[in-house]
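Spelled out from the first residue to the last, the chains are:
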Amino acid sequence: MTKLIKDTTRRGALKTMAGAAAGAATMPLWARFAQAQSSEPIKIGFQQHSTGIGAAYGRWYGRTTEAAVKLINENGGINGRMVEIVAEDDGTDPKRGAEVVEKFATQHNCDVGFGTLFSHVVIGSAPRAGELKLPYFVVSEGHHVASGMLNRYTLQPGITDVKSQVQAMAPYVAENLGKKVTMVFPDFAFGHDHRDFFTAAIEAQGGEVLEHIAIPPAETSFTKYFPKIPRDTEVLYHVMVGPAVLTFVKELGEFFGPSRPEMFGFIDSLEAVAIDSPGLEFLEGTYFWEGMPRHAQGDQSEHDKFYRAAVGVNERGASVSDPTDISTYAHMFGCWETLYVIKAGMEAAGYQGPGDRAALIEAVEAMSDMPESRAHPQGAKVFNGKTHQVFGHQYISRVEGGKLVKVHTTSIEDTFYPDEVDYTTQPL
Amino acid sequence: MKTWLSSAILLTVSAGLAFAHASEQGFVLLLPTDIYITAGVASVALTIVLLAVLPPGAGEALFRTVPLFSLPRLRLRHLTSLVATGVMVFLVWRGLTGPRDPLVNPMPLFVWTVWWIFMVSLQGILGNHWRWTNPWTGVGALLRLATGLRAPLRYPRWLGHWPALVSFIGFAGFLLADIAPTDPARLATIAGFYWYFTLMGLVLFGPVWMVRAEALTVLMRAYARMGLLGRARGRLAAGLPGWQILRRPAPSLVLALFMVILLGTGSFDGLNETFWWIGFLGLNPLEFPGRSAVVTQNLIGLFVANAALLGVFAASLWLGERLAGTGRSLREAICLFAPSILPIALGYHVAHYLTAAMVDGQYVVQFLDDPMNTGAHLLGLEDFYVTTGFFNTPGTVKVIWLAQAGAVVVGHVIAILLAHALAVRDTGSTRRAVLGQAPLALFMVAYTFFGLWLLASPRGL
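First to last, the protein sequences are chains A and B.
For the first sequence, position 315 matches number 475 in the working numbering, and the numbering has no gaps at all.
For the second sequence, position 460 matches number 442 in the working numbering, and the numbering has no gaps at all.
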């Protein structure tokens, strides 16, 4: 019925069980081993974008999830039980997403739902998770969790939200790149979030946005918009997405030639695209937000090293089996970290089965500091139990010789904003 | 109410992040596709000019065959069909009970990748393997052998190919408008019932059911006419794809319509992914809301696209008959020339699915490596990860795009040659054939442009 990701050899399980720490640690080794093998597994429903517009991300979310679960199982599972991933394709479709959540709860007897990326799918699925009281751990970056529009059963403990990311960029941009900013963004919700969050944040730093240039989403040529960029622009903030991104960069290069303003963008535009691709030379010397540095840095942590090896990603963020296959490195760590939060939450709650779902929610809500570790290779984080949203360091990288070189790490405090909701007041 | 509410929220509240990815299509947009499209359209147009100046038999001469060897009378096809049935049973079982991920479960992998992409393409390129690989005829023969019974019912003549046409439209609707055509259990249920239903037809009406009423067999037999290899005078022979069309009688009207609808459906399959179509529906292509939001629209689109193609095709033929004064009825013209559309449909099928085949083919290999999800590596692919790296480098994207464009252009060139050969044979004169062909040829040139434009357009899916 489901895909069981676990170490299938007895020897392998035994070997790794020896290293298991938490949970069933009080039992003798043989008992733990016997229990892990004989108990019902913990079932995690993985709402995967296997098909549809999110498939490119879904593939890497899948690969990261598989790697994390394999590791968790090798180390004794959760509360002495193996973890089983039940991956269901939601077609990157909100209606289908809600159906999938329902299947997790009623058909597959999953303990929790997990892994949704695209915001519209999260927004379409979360109400169903709330009704079914199925803990629903999303990995979406959307502000929808912390904005208060979802419910007590929906949490985002493994990846920061776009509002905190954007706002944390402003101090560095204002201090190092310039205070007069022109923003170019696609004219729909995603672009509007950037417009609203960054405009407010840069103004708080004493800067200003000279011009907002909204590009119609279906546009594939951009030359006609560039003359709108004011001449005294010091920083061009760009967040284009979709197939025309490369054309955008190329045409921008043709427009500015050698004398361009400073440029700052979000790596979302070029996620899964090699930064040294022909045609992207113009990006040399420009800056990008990265959720997690794609290229291994000089000060690479042992956790990043470990995580890359486990997922099968090399020092340039590409698949170890094909150096041209670039991962969605800035986002996919969210699956890994979320799974470790689920593990920690279940262990804290003494989770035994669906009857303990409410206790699991409370256990996760009680979390706050998450130190950088193998469980959190992207960096330390602070979870806000009221807003169900995690906060963490953000990275700014500069393109130098076709490499993304980290030049700034924000503090976690840079990413804070006042609470907009307190989910703990809602009934469980 | 809840659903309504959440859709309302979806429409009105900021949706946060979108991740329409930049790969492949991004590099395609950087290619000088205008030049490639012009070159492709020009080669098709040039074919027409050449045919007009060459002597009458030149077109047909291209379709001469080379006899290969006499075919031994081996009666293995029922045996291989039984193997296919076994595979089918396995797929349905795994579809219902195996992993839920459509890229891991063999049911969707075999239906959409192995069958719909590879086996259909192979049928059109090589020849009729469906005779050996269909999952029904073997069981049918076995039942006949065991019971000694002949088909108790006569297939009503008036039904003709209608059941096949209707069920093919149903198949197309499922492919294009169902919200989860890759869901393993859903697909297993549908495929299982269809298999059983077809077997009943075969048992009750005999083999005629397969060639008249069963859409997949009718589709496969239609494409088999395009195959490089075929039977000629008891020997296996090879020739330019399309030679078998020239050796066969013209199809019935409904079968001819079936062939046109094959192309119309394939084209809409491409069209419905473009920014143009998504924009036409008033949706944001960078934030495509998912298949559930376009079910009705895609069904209407499928219907309109096929009706429009049929209209333009018939109008071209009607105009051609008037110009050349051949005195053929429109019905005769449609039946005569519809097979010449098959290479266009096949070329587009190959082009459209090439990229999907390159990715999903890897998932098929992964399945073969570990067919029961036990962590086995039967093919020894321990460190094998599915890759899409070839979509991320300009060099490979160019090669892939040109291969797709090549399939479209070759399909159209063969279509023009075929239509010309069919016309010359029917009228006996090049001048009349060319004149009568002019509107159809013009249509094919325009369709080349359309097919290449589809490949070069930005897509939102």
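By construction, these hints were calculated from the structure, which means they are not laboratory data.
Hints are supplied without guarantee of correctness; some may be wrong.
As the list claims (entries may be wrong) - With a straight-line cut-off of 27 Å between C-alpha atoms, the simulated BS3-like cross-links for lysine-lysine are: (1) Lys410(A) with Lys380(B); (2) Lys380(B) with Lys339(A); (3) Lys339(A) with Lys566(A).
Now for the hints, and whether the structure bears them out:
no., hint, in the structure
1, Lys410(A) with Lys380(B), "17 Å, holds"
2, Lys380(B) with Lys339(A), "41 Å, violated"
3, Lys339(A) with Lys566(A), "21 Å, holds"
Of the numbered hints listed earlier, the single one contradicted by the structure is hint 2.
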